[in-house]
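J.: Sequence:
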Amino acid sequence: MISKVKIIGSGLIGTSIGLALKSAKIKLEMVDLDPNSAKLANDLVGGVNLTEPEVVIVSAPISNNLELILESLKLYPEAIVIDIASVKSNLSLKVAELSANTQNFISSHPMAGREVSGTQSARADLFSGRAWIGIKSANSSERSTKLLAEIVEICGATLYWVEEVDHDKLVAAISHLPQVLSTTLANLVGNLDGRSLNLSGQGLRDMLRLSSSNGQLWSQLMIANKSSLSSEIDKFLELLTKFNDAIKSENYKEIETFFNAGNLANEKIPGKHGLKIRKYSYLPIVIMDEPGQLAKIFNECAQINVNIEDLSIEHSPGQQTGLITLALNQNDAERLFIHLKSTGWNVHEVKVDK
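Note that the numbering used here gives residue 255 to position 249 of the sequence shown, counting from 1, and the numbers run on in steps of one.
Since the hints were derived computationally from the structure, they do not count as laboratory data.
This one's a predicted model, so the numbers in the text were calculated from it and none came from an experiment.
Please note that a few of the clues may not be correct.
Said to hold, decoys possible - What follows is a set of in silico ranges between Cβ atoms, one per label pair, in the way DEER data are often shown:
id, residue 1, residue 2, range
1, Ser9, Lys45, 17 to 27 Å
2, Lys285, Pro67, 37 to 47 Å
3, Tyr166, Leu81, 27 to 37 Å
4, Lys80, Ala179, 34 to 44 Å
5, Ala179, Gln325, 42 to 52 Å
6, Lys45, Glu121, 16 to 26 Å
7, Leu203, Phe249, 17 to 27 Å
8, Ala30, Asn352, 36 to 46 Å
9, Ala155, Ile275, 42 to 52 Å
10, Val171, Asp199, 43 to 53 Å
11, Ser237, Glu320, 37 to 47 Å
12, Glu262, Glu121, 29 to 39 Å
13, Glu84, Arg341, 49 to 59 Å
Idealized CB from N, CA, C, for every residue including glycine.
Using the sequences and the hints, build the whole thing.
T.: Right, here's the structure in full:
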């Protein structure tokens with residue numbers, strides 16, 4: 007069991023890792039060029055001075071990544087050094103060329119983040135149910151592989167091993183391109199006047215969530231991965247042109263084909279815990295607009311040992327009632343429906359995902 011970890015970089019990702027490791031009673035030290043960030047991060051994780059860490063995690067800007075890895079391998083020759091940069095650019099090969107201690111280095115990339123940055127935005131559960139990429143390398147020792155796996159498990163993520171040569175192409179498609187699209191769309195709709203923007207719905211907000219990301223950070227990542235990212239942008243533009251041509255020519259069949267393909271692709275995207283999207287059953291419950299109603303429903307679920315996967319609450323201003331919709335597996339939904347019906351709740355028939 008890991009007991010001492012030093013994290014270089016006290017931003018969103020580094021501090022979130024620290025908070026997750028804190029829950030496992032691991033001793034931590036947070037380091038950052040910004041003394042205020044380092045102090046806040048150490049206060050959050052209960053940081054202490056570590057002279058001989060077992061693991062050093064490099065969570066720094068991409069421009070400083072290689073330098074800090076090499077420095078850490080030299081300063082802490084017995085420690086395992088893990089980087090978490092989102093662009094690799096043959097990083098393992100560069101480390102092997104420049105360090106005699108390369109067996110103690112292993113590269114990785116947690117596929118998690120937020121549209122806000124900084125120490126203050128860190129969350130202990132940021133990696134829960136997320137993928138974490140481990141970079142395959144013949145130079146990395148068995149010990150380094152095991153310690154990375156242990157850290158990923160503590161953080162609640164699922165570890166997937168990928169060849170370094172494939173990593174940058176992969177993240178260009180599934181991470182960097184979505185950021186480009188969200189930011190570009192935000193620039194487009196930003197030309198609308200305030201009155202028009204006031205009419206926007208949740209769909210636009212969902213699409214623009216990533217556009218709040220840190221431009222200084224992302225400009226480094228995109229330029230570092232420019233070859234793979236530009237290739238993905240070209241592919242997207244080609245598809246967008248075909249979609250636009252179908253609209254211009256009023257080709258209903260072609261437009262529907264685009265939607266069908268999109269629906270199928272969306273179903274492939276893993277959900278919670280890295281598993282395939284689960285089919286849920288939804289249980290609508292009409293409640294009175296008064297304190298304690300949600301807590302009472304939770305108690306009812308606990309009485310019959312039912313697990314709620316998700317929930318939504320709809321309440322219109324001025325109305326005396328609201329609607330809570332619970333997402334459960336089918337068996338739990340059916341049992342809860344019978345139980346709530348028998349105890350007098352205004353519960354409606356179960357709706358099943360198609």
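J.: Each hint: holds or not?
T.: To see whether the hints hold, each was checked on the structure:
At about 23 Å, the beta-carbon gap between Ser9 and Lys45 stays in the expected band of 17 to 27 Å. Between Lys285 and Pro67 the beta carbons are some 41 Å apart, a value that agrees with the proposed interval 37 to 47 Å. Remark: the range hint 27 to 37 Å for Tyr166 to Leu81 is upheld by a beta-carbon distance near 30 Å. Range check, Lys80 to Ala179: about 35 Å between beta-carbon atoms, so the 34 to 44 Å window is met.
The beta-carbon spacing between Ala179 and Gln325, approximately 44 Å, falls within the hinted interval of 42 to 52 Å. Look at Lys45 against Glu121: about 25 Å separates their beta carbons, and that is inside 16 to 26 Å. Distance hint for Leu203 and Phe249: a CB-CB separation of about 24 Å, consistent with the stated range 17 to 27 Å. Ala30 and Asn352 have their C-beta atoms about 44 Å apart, which keeps the hinted 36 to 46 Å range intact.
For the pair Ala155 and Ile275, the supplied restraint of 42 to 52 Å is violated, since their beta-carbon distance comes to about 24 Å. A C-beta distance of roughly 48 Å is found between Val171 and Asp199, which places it inside the suggested range of 43 to 53 Å. A beta carbon spacing of about 43 Å between Ser237 and Glu320 agrees with the range 37 to 47 Å that was offered as a hint. Checking the proposed 29 to 39 Å range against Glu262 and Glu121 shows it holds: the Cβ atoms sit about 32 Å from each other.
Distance hint check: the CB atoms of Glu84 and Arg341 are about 54 Å apart, consistent with the given range 49 to 59 Å.
Violated hint for the displayed structure: number 9, the only one.
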